[in-house]
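Given the coordinates of chain A, work out where chain B should sit on it, guided by the hints.
Read top to bottom, the protein sequences are chains A and B.
If you use our numbering, the first sequence corresponds to residues 7 to 443, in order.
If you use our numbering, the second sequence corresponds to residues 3 to 144, in order.
Since the hints were made in silico from the structure, they are not lab data.
Heads up, a few of these hints could be off.
What the hints assert, rightly or not - Cβ pair distances, simulated, as ranges: (1) A:Gln-395 <-> B:Lys-107: 32 to 38 Å; (2) A:Arg-417 <-> B:Glu-99: 25 to 31 Å; (3) B:Ala-130 <-> A:Arg-417: 44 to 50 Å.
Built from N, CA and C at the ideal position, the CB exists for glycine as well.
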Amino acid sequence: MDESPFWEKELETFPTEQLRALQLRRLRRVTELCERSPYYRQTFREANFESSQLKTLDDLRRIPFLTKEDLRASGPFNFLAVPQDEIVRVHSTSGTTGVATPIFHTGEDIEAWANLVARCMYMVGMRRSDVFQNTMGYGLFTGGLGFHYGAERVGAMTIPAGAGNSRRQIRLMQDFGTTCLHIIPSYALYLGTVFQEMGLNPAADTQLRLAFIGAEPHTERMRERIEELYGIKAYNSYGLTEMSGPGVAFECPEKQGMHLWEDSFVAEIVDPASGERVAEGEEGELVLTALHRRGMPLLRYRTRDLTAAIPGACACGRSHLRIARIKGRTDDMFVIKGVNVFPMQVEKVLLSILGVGSNYRIVLETVEMQDRMKLMVEVTGGLWKGDVQELSRLRDRLVEGLREEIMITPRVELVEPGSLPRSEGKAARVEDLRRNH
Amino acid sequence: MAHQINVFAQNQPGRLEHMTKILTEAGVNIRAITISGVGDFGVVKLLADNPDLACQALEAEGFSAFKKEILAAVMDDRPGGLHRIFNILGGAGINVEDAYGFVVKDRETAVLLMELSAIAEAEQVLAAEGVEILSERELYEL
Numbered sequence: 007m008d009e010s011p012f013w014e015k016e017l018e019t020f021p022t023e024q025l026r027a028l029q030l031r032r033l034r035r036v037t038e039l040c041e042r043s044p045y046y047r048q049t050f051r052e053a054n055f056e057s058s059q060l061k062t063l064d065d066l067r068r069i070p071f072l073t074k075e076d077l078r079a080s081g082p083f084n085f086l087a088v089p090q091d092e093i094v095r096v097h098s099t100s101g102t103t104g105v106a107t108p109i110f111h112t113g114e115d116i117e118a119w120a121n122l123v124a125r126c127m128y129m130v131g132m133r134r135s136d137v138f139q140n141t142m143g144y145g146l147f148t149g150g151l152g153f154h155y156g157a158e159r160v161g162a163m164t165i166p167a168g169a170g171n172s173r174r175q176i177r178l179m180q181d182f183g184t185t186c187l188h189i190i191p192s193y194a195l196y197l198g199t200v201f202q203e204m205g206l207n208p209a210a211d212t213q214l215r216l217a218f219i220g221a222e223p224h225t226e227r228m229r230e231r232i233e234e235l236y237g238i239k240a241y242n243s244y245g246l247t248e249m250s251g252p253g254v255a256f257e258c259p260e261k262q263g264m265h266l267w268e269d270s271f272v273a274e275i276v277d278p279a280s281g282e283r284v285a286e287g288e289e290g291e292l293v294l295t296a297l298h299r300r301g302m303p304l305l306r307y308r309t310r311d312l313t314a315a316i317p318g319a320c321a322c323g324r325s326h327l328r329i330a331r332i333k334g335r336t337d338d339m340f341v342i343k344g345v346n347v348f349p350m351q352v353e354k355v356l357l358s359i360l361g362v363g364s365n366y367r368i369v370l371e372t373v374e375m376q377d378r379m380k381l382m383v384e385v386t387g388g389l390w391k392g393d394v395q396e397l398s399r400l401r402d403r404l405v406e407g408l409r410e411e412i413m414i415t416p417r418v419e420l421v422e423p424g425s426l427p428r429s430e431g432k433a434a435r436v437e438d439l440r441r442n443h
Numbered sequence: 003m004a005h006q007i008n009v010f011a012q013n014q015p016g017r018l019e020h021m022t023k024i025l026t027e028a029g030v031n032i033r034a035i036t037i038s039g040v041g042d043f044g045v046v047k048l049l050a051d052n053p054d055l056a057c058q059a060l061e062a063e064g065f066s067a068f069k070k071e072i073l074a075a076v077m078d079d080r081p082g083g084l085h086r087i088f089n090i091l092g093g094a095g096i097n098v099e100d101a102y103g104f105v106v107k108d109r110e111t112a113v114l115l116m117e118l119s120a121i122a123e124a125e126q127v128l129a130a131e132g133v134e135i136l137s138e139r140e141l142y143e144l
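One chain only, chain B, in its complex shape:
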């Protein structure tokens, strides 16, 4: 299963700059980023090619960071690609806590990253419908 890094950050100028500088110096590549903000603070979610190293580097600089299990599903980069995934999950009664995506090859392939409470179950129903699920290694080697 794939992982992302969840980092607590205050909603202030310069925090993301600081965070990305640490990861740059640690030689970590970031494939995707999203932020869940709640007013004056938020959680920055990073998809890094080396989650353990990213976590260590951030914690060493005083950030509170966690490795969080996510589900990475491959979808077609065309109308209906995203809908197909949510249709399967919705049909199985599985709730998505948070999601974001990125394009791997324009007009062909994209990846959807999801935080779910029922992650194993989601993987099962998606795989059963022929949706390709990426392992940690596959995700970073894209």
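Just chain A, with the same shape it has in the complex:
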């Protein structure tokens, strides 16, 4: 193939010193911009920091970390660095009242984001001639629109299929000759069973050749199963709403870690407890500073995702940092079907519906190749007055309340008092039995 494997060759292969110089220039610009946002004006003042004092990349450490709690506590408008008129889009992390974190974008922010996603998709071989089917949910969730814009930027014909409706997904693949797929890994495996039910073989009866998989944790083994089932190559994607969405880091064809785009982000990997940087190659929490956003620039954001930098140069020729597959979280958040869920959200729904606290346990499991959330709740005297109908209704209300809050339909099981372990910490309430994790 004489065609370039790079979307932006110069940027992607920048020698390290030049990349650092570019980061410093962009970091100065973004900290200057931050001085226009109420949150950072105050934060910089308290930290005795001014953007003009930023001489080296290490000076970034003078700026305090930003946590999800800070984002929530301060209110999203306090982070705006441009007049609100310039905002053209809002995305939000999952969850509804109280937990959602809106992230604002200017037109330029959307352009820059789309370009990063395009770079990722091009890197693994998607081209103008491809047909891209997006099976991710659209809406506030960034996975759907992020890839949609990236694919159009590359010039592929984009099918905005959205989530669900498996038979229609398969029909679309056949009608339009889909070659590239954006799909949640557990859904890819499930969809394989629907192909079978329809008497079809996903490898032989489609034109598929590439899949972008992400939005939920998965193992190397799971990737291999997807590749085998569909007869394709599948690449791991990393992103988060607070850093615009997908397009933060992505695997190259070498599949030896994900390249984190350092022209657009400064990445630090820190000890979650001390906040100090860990030695290269050691596991720690990923902390990200976005260099390319104007509307709502965020500095040193604690992602709570655990990873490690992979030392050495990549055979693909790209100079940008590689990070390992995300190994877990530093908090009790879990990801199911692409949705971030905090046990606190579940607790809130329980309390509002039951009126009293009750011992509960969240079990994440794989049933018929689909990930499922099971909520087990102990039935105590305060919850009913002896009628079985009361309990059926209670269960229905819990399912509905949780679906509204976390946008996942759980299976609710009512269990006898004392049958669940008493948990000390919050994290102990969640048990992850999913086979693919």
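Okay, now just chain B, sitting in the frame of chain A:
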């Protein structure tokens, strides 16, 4: 008025064994049992000779149990005995939530136990038609 014990139980092997063991050890005699199941859980309904003691014993072992008022009507153990009771209640527009029965003396007397929302009204119309209603004491002394 008579009472039964409603106990929440998961639909799993060994739960009834556990429950009846507790009642055996407490010296409670069970005259009748029925289960309203809803998939993976259900409510076990027990007619015990000492409902308060049964309730206490079950709760002490961690079960969620309630004493529930029921209506115990005596019927003839022959064709039409059960129909007569439901005919009276249906005629009065009274709905039966749940019911079960047991035979006291073969081919002679049986008892029908009913959960009703309009329990006082049901007692009245049945008594007016000459149906014998058992008190708690009478029921357990059968």
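Here is how each hint holds up against the structure:
no.: 1; hint: A:Gln-395 <-> B:Lys-107: 32 to 38 Å; in the structure: 34 Å, holds
no.: 2; hint: A:Arg-417 <-> B:Glu-99: 25 to 31 Å; in the structure: 27 Å, holds
no.: 3; hint: B:Ala-130 <-> A:Arg-417: 44 to 50 Å; in the structure: 49 Å, holds
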